[in-house]
Amino acid sequence: MTTSPPLSEANAKTNTKSSRYCRIISIILHQWLLIGIAVACILAYFFPHIAAHGGVIRSQYSILYGAVALIFLISGLSISSHALLIHALNWRLHLLVQGASFLLAPVTMYALVQVISAGDPEQKIDRGVLVGYILTACIPTTIASNVMMTRSAGGDDAAALVEVLIGNVFGPVLSPVWTVALIPKGKGFEAWEGVSGDLDAMYRNVFKLLGLSVYLPLVVGQAIRWKWRERTSWVMQRFYLNKVGTFMLLLLIWTSFSSCFATSALQSLNPSTIVFVLLFNIAIYLFWTLICFFLAHILPNYLPSLLTTIQQHLRIKEPLYPSFPARITIAICFCGPAKTAALGIPLLYAMWDSFDELVKAKISIPLILYTTEQIVCAHFLVLVFKSWMRRGEKNEKSGIEVGVEEGDGGVWNESVPTRSEVSERDSIRPQQELDVEIQDAVYEKKG
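Numbering (the UniProt record's numbering), first residue to last: 1 to 447.
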């Protein structure tokens, strides 16, 4: 007997369809955050009254407090207190991240706004949007997304969390001063020079938000982790709670765009301004990210001789400017360029309280779009940083193996740690000490 050809062809077609469906499902699972952002924007456009501030679900409370609180509760459950303490004492990390957030970003944005204003005498780009960019550059790092993205990329989320806490404590004090100081004084900006609002109410609202949605959930999560460590780890893994935090980001995007569409601010702008904002946000975010990566991981490798001379002259034992480990570098790259709408929006409405609602909505457009586009960009950077981490670990292991093969009397030790495995406890130690530890673990001298 011979096998029926039609039956074989039918099986082949069935297998082809199954593989096609599997590929589609795989794409959806890997890119679900981008798909979720698109769905959130569509819902915000057609039903803005639902998630806008003061809307049906009262998103200024249900999402701005509830979603953010859940993100930091999960962070408190998943991050060890020891890791938080280590990074809290890492002054070099604070100096780089907060310097990028409160110095690098405002200064570069001020220069770019001056160039754009000088090159646009006809004011095709709305001046309210340019003022919004000054405000955006002066506010601290975002409260939620950089912690989630750092964790997704394999970075040190404890370092990211510490920088979020520090930045958002000093932000309400530094941001208004910087914003007023950096608003251009030229033609077209006269109306924005006067700050009309009372900042006391803004301070109360911002610190209430931080206390109830950031600090309290974090402390509760840490207390639960301390009391039931093993059970907490099981629950985190069993119910995929880290994925819940990513879903909360979609709710934040939904409410931001709903408020934007509800005021008709986007619809009131000319097309050239909208295109400019969309492209400029991506460019400036990637530029700030590259600067942070350069300062954290590349520049220290080019200054050893100069820094050693200064170190010897000042009789300082620790390296002045060590290269940060890969996991902490990832946290720096996500925290440095990121900005938070949770402080920016209340600050905007407090500083220009007497201005028309449409005018205030125009100022908020760069902030809302930037905080949304930074999540989209960070989603792709997660893939880039994951690849970078894998390549670094592969090169590290291959280099160690070559050293063992060519060494004299060395034997391979299968328990050799990689740099990523020891980076959490060694995050504040000099890079040279890590190299020595790894090499010592590889070679065992025969009597």
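Hints in this document: simulated from the structure, not taken from any laboratory.
Be aware that a few hints might be false.
Claimed, not checked - No farther apart than 25 Å at their CA atoms in a straight line, the calculated lysine-lysine pairs in the DSS-like style are these:
(1) 124 with 187
(2) 124 with 360
(3) 243 with 227
(4) 386 with 243
(5) 187 with 360
(6) 124 with 185
(7) 185 with 360
(8) 386 with 397
(9) 360 with 208
Said to hold, decoys possible - What follows is a set of in silico ranges between Cβ atoms, one per label pair, in the way DEER data are often shown:
(10) 111 with 278: 27 to 37 Å
(11) 380 with 103: 24 to 34 Å
(12) 124 with 32: 32 to 42 Å
(13) 226 with 25: 17 to 27 Å
(14) 50 with 241: 46 to 56 Å
(15) 275 with 247: 28 to 38 Å
(16) 61 with 39: 33 to 43 Å
(17) 274 with 119: 28 to 38 Å
(18) 302 with 124: 38 to 48 Å
(19) 244 with 122: 41 to 51 Å
(20) 224 with 247: 16 to 26 Å
(21) 219 with 267: 35 to 45 Å
(22) 111 with 243: 37 to 47 Å
(23) 99 with 204: 22 to 32 Å
Nothing here was measured: the structure is a model prediction, and the numbers come from that model.
From the three backbone atoms N, C-alpha and C, an ideal C-beta is built for every residue, glycine too.
Against the structure, the hints come out as follows:
{"no.": "1", "hint": "124 with 187", "in the structure": "14 Å, holds"}
{"no.": "2", "hint": "124 with 360", "in the structure": "19 Å, holds"}
{"no.": "3", "hint": "243 with 227", "in the structure": "23 Å, holds"}
{"no.": "4", "hint": "386 with 243", "in the structure": "17 Å, holds"}
{"no.": "5", "hint": "187 with 360", "in the structure": "19 Å, holds"}
{"no.": "6", "hint": "124 with 185", "in the structure": "18 Å, holds"}
{"no.": "7", "hint": "185 with 360", "in the structure": "19 Å, holds"}
{"no.": "8", "hint": "386 with 397", "in the structure": "17 Å, holds"}
{"no.": "9", "hint": "360 with 208", "in the structure": "23 Å, holds"}
{"no.": "10", "hint": "111 with 278: 27 to 37 Å", "in the structure": "21 Å, violated"}
{"no.": "11", "hint": "380 with 103: 24 to 34 Å", "in the structure": "26 Å, holds"}
{"no.": "12", "hint": "124 with 32: 32 to 42 Å", "in the structure": "38 Å, holds"}
{"no.": "13", "hint": "226 with 25: 17 to 27 Å", "in the structure": "39 Å, violated"}
{"no.": "14", "hint": "50 with 241: 46 to 56 Å", "in the structure": "26 Å, violated"}
{"no.": "15", "hint": "275 with 247: 28 to 38 Å", "in the structure": "30 Å, holds"}
{"no.": "16", "hint": "61 with 39: 33 to 43 Å", "in the structure": "23 Å, violated"}
{"no.": "17", "hint": "274 with 119: 28 to 38 Å", "in the structure": "18 Å, violated"}
{"no.": "18", "hint": "302 with 124: 38 to 48 Å", "in the structure": "42 Å, holds"}
{"no.": "19", "hint": "244 with 122: 41 to 51 Å", "in the structure": "48 Å, holds"}
{"no.": "20", "hint": "224 with 247: 16 to 26 Å", "in the structure": "21 Å, holds"}
{"no.": "21", "hint": "219 with 267: 35 to 45 Å", "in the structure": "43 Å, holds"}
{"no.": "22", "hint": "111 with 243: 37 to 47 Å", "in the structure": "40 Å, holds"}
{"no.": "23", "hint": "99 with 204: 22 to 32 Å", "in the structure": "28 Å, holds"}
Checked against the numbered hints given earlier, this structure breaks hints 10, 13, 14, 16, 17; the rest are met.
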